[in-house]
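S.K.: The lines below spell out each chain.
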Amino acid sequence: MTVREIAALTGAEPRNGALLDHVISNVAPLDLAGPSDVSFIEQPKYADSLAETHAGACLMTERFESGAPRGLIVLRTKEPYRAFIAVQRKLFPESMRPVSMFGADGVAPGAIVHSSARLESGVTVDPGAVIGPDVRIGAGTVIGANAAIGAGVQIGRDCAIGSNCSVTHSLIGDRVIIHPGCCIGQDGFGYIPGKAGLDKVPQIGRVIIQDDVEIGAGTTIDRGGIRDTFIGEGTKIDNLCQIAHNCRIGRHCIIVAQSGLSGSVTLEDYVVLGGSVGVIDHITIGKGAKLAARSSVMRNVPPGAQWGGIGPAKPLKQAFREVVILERLARRADDPEKQGD
Amino acid sequence: MTVREIAALTGAEPRNGALLDHVISNVAPLDLAGPSDVSFIEQPKYADSLAETHAGACLMTERFESGAPRGLIVLRTKEPYRAFIAVQRKLFPESMRPVSMFGADGVAPGAIVHSSARLESGVTVDPGAVIGPDVRIGAGTVIGANAAIGAGVQIGRDCAIGSNCSVTHSLIGDRVIIHPGCCIGQDGFGYIPGKAGLDKVPQIGRVIIQDDVEIGAGTTIDRGGIRDTFIGEGTKIDNLCQIAHNCRIGRHCIIVAQSGLSGSVTLEDYVVLGGSVGVIDHITIGKGAKLAARSSVMRNVPPGAQWGGIGPAKPLKQAFREVVILERLARRADDPEKQGD
Amino acid sequence: MTVREIAALTGAEPRNGALLDHVISNVAPLDLAGPSDVSFIEQPKYADSLAETHAGACLMTERFESGAPRGLIVLRTKEPYRAFIAVQRKLFPESMRPVSMFGADGVAPGAIVHSSARLESGVTVDPGAVIGPDVRIGAGTVIGANAAIGAGVQIGRDCAIGSNCSVTHSLIGDRVIIHPGCCIGQDGFGYIPGKAGLDKVPQIGRVIIQDDVEIGAGTTIDRGGIRDTFIGEGTKIDNLCQIAHNCRIGRHCIIVAQSGLSGSVTLEDYVVLGGSVGVIDHITIGKGAKLAARSSVMRNVPPGAQWGGIGPAKPLKQAFREVVILERLARRADDPEKQGD
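Which chain is which? The protein sequence lines are X, E and P, in order.
Residues 122 to 462 in the working numbering are what the first sequence spells out, letter by letter.
Residues 122 to 462 in the working numbering are what the second sequence spells out, letter by letter.
Residues 122 to 462 in the working numbering are what the third sequence spells out, letter by letter.
Among these hints, one or two may not hold up.
Where chains are identical, the list cannot tell them apart; a pair therefore holds if satisfied intra-copy or between any two copies.
Using 25 Å as the maximum straight-line C-alpha spacing, the simulated DSS-like pairs for lysine-lysine come out as follows [claimed, not checked]:
1. Lys-438 / Lys-408
2. Lys-199 / Lys-408
3. Lys-211 / Lys-438
4. Lys-211 / Lys-316
5. Lys-199 / Lys-438
Everything labelled a hint here was simulated from the structure, so no lab data went into it.
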């Protein structure tokens, strides 16, 4: 891409004298960039890196221009990071979705596809993948090496199912990305006390995953007990999360790594859970609510709320006061002169 | 099943005029149920769903009967949920244990079984599964697609080992269910400082899993260091739990998702760990003790105790007071008029 | 090994009259040991076990000698555990690194190796493993059953990659151990708000793993966004940890199970994270710092610090005061007579 093309793509404005025909072939952070790389700066803490960068071009807001080294092609934009991502997406279209790890096309040798499975044309199945009876897979989808797709699963078009995933009892939309090592559709965790220990509660629901969902490596999603477990359109789930049976996750939610939802939790649309958030069962988190990393959600969260803190999650302002007051009390307890303070 | 058969199975009493020959073919929650479904109600918060349900029949306690819509077959019982589960177990016997995801019988094509392994008759091995030397597998057991069973592992009868599981150095009883993606029997995490970094401490124990244990997807259980790691009869472990080397878990325990036991932890019988509980090493949790979700267990827990709370786990009553007092102090700190309160 | 050889290996001093030709073939804890086992004692709480042990020999410090039963061969040493591990490492050399679970040698039947992959002599590939194009694997390395190694991955010598691992976009040094079920090299979790939901941020970095790293079962390590994710020499990571994109982990760190590092976290050399520690993004933890189990790291940690506690991690001394003061306040709040205390 030339600088001219980058400017056209992003709407960034080349500073006077910029070499519009200079060719950019890669992206890099300021400290690692070379002459054929474009970089970006948005935060003052990287000003030193800007001064010393060897990047060919850099996207930045006006305020950083005076700090640009001589010879750097400056591209002025109000949203440097967003423009940078746009260039990156253009330069690396194949990074938008995992591809066959075997460089394969069609059903690779060593893949086992049941005779009753129906694959549209343009499906790639990597070696060692196992596709069970009555599975349906849409055009353009890639099934990774040693993935196991159980009987009756339906997967839409242009999906990527990672290597070593296990998927059963699931209906999956289009453009869904499931990273390696996920387990989706197995029994939920349900028992009742019986005569000689715990009796298993049948788990007869499914997992429904809508279009454009992305699910991180090693995440587990149990199928529903008597309802379905549901993941709404565009929702992104990070690595090693646990979604229990009957959860209902809305559209465009973000669930950061190692978070866990107990059974029958509802997340309305646009909810954000920071890393390692835990939610007890039958809770509803309202539309657009944000939970800080490590929150323990023990009661319903209203729409738009920002909660977190020590112990049961609560409004962040209150949570912050608790942290401060506890620190203050501990300091006083340690200092006899301040006891009466 | 007819309503008459459901009544006979559960001991529920059909209300006057119930159509005893009405056929029930499925179960459903009140809001999703149709005429051929049986449902149940046990909690007042679902009274609205009861009033509007299209279910054919509903198991309930006497108190809900007046709220049942006309035409609903009412089955009176003191334990509606338990009766409902009994019907479900009768209608879906195959849901009691995962089956071959390939609909296979015997050793499927694409499975690799070492010549020295001994499989009883009636063992199912899904495609891609690898069974190592000297493995023993009992009748009726299903080994999932792409599971890997290492040298010398013994698995009893009527077990289900999920797809993409890795099992080594383990002795497994009868009717054990291990869901997909579990890693069982690998090295525990042990090192001592050496001359040039950390030296590995040999891990020469095994994993012993007794009858009727169930283990959730993605859970990891390390083999013992110089003892064995032990999981007692009937214990149920949820998804993404970590059981470190030398742990000794008693019978009929419940360990909810994302909990972690450090090395050499002992759980006596009937212990319950809520979700995401962490236990430091060499702790003993007494018989029947219950730990609230997210507890951090830093010292031994007496039998029968109910512990949890902020920071190191402690009796729940005390833990609750701490939460309340901290909230109160933070409120006061924010309100000058209450400072002297 | 004879007792004489154990003494020579460890520098332990046999007590007068010890049978130097007695043969030791195994190691065991005091309570399980028999005549051909060597055991050790280092902590007074095991004194009863010492008195009753049937071990053939026992490594101990001088203080325990008087408690040794008649007939036990006593080996005096200042570091009994270290000596015990030395014996164990000598007796079980094969426990230093996982071996083929199929007892295989070379490329096993059922393994799929791309024609452009280059394996040095002495590489073992277990059945079902899939090796993609342009992969390089060094001599002595074992690739476990059903592992999937993606295009262009380079793995050094004498490594062990566990069964059902997925490895892509990675460069791996020598003597690296990766336990089963790990996912390494997949996309990091990066999005920006777009017109119709979240747009994916390309992840074009790699994972670099230096020599002598060990990674526990089920751990996930995302590749870098525009930098590389980096794991320094000799670092040991336990099961079910999450390492996000762009993290930079130093040499000889210890990361205990279920810990999670958000994006762009830096761990300097010799950092220790206890179990289930969480670190928010762009944090630096200084050289040799230790974080207690379950810490939530919300700001940079200075070198050598020992932090932990309730809420955001802080120096342990301060954290401990907070726990104590909160307990005290809760007690007082419950006891009207102490309100004015």
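S.K.: All the hints need checking, so say for each whether the structure fits it.
M.R.: Do the hints match the structure? See the list:
1. Lys-438 / Lys-408: Result: close within a single copy only, 19 Å intra versus 33 Å inter.
2. Lys-199 / Lys-408: neither (29 Å within a copy, 38 Å between copies)
3. Lys-211 / Lys-438: neither (41 Å within a copy, 52 Å between copies)
4. Lys-211 / Lys-316: So Lys-211 and Lys-316 pass the 25 Å test across copies only (17 Å; inside, 62 Å).
5. Lys-199 / Lys-438: Result: close neither inside a copy nor across copies, 31 Å intra and 46 Å inter.
Hint compliance for this structure: hints 2, 3 and 5 are broken, all remaining hints hold.
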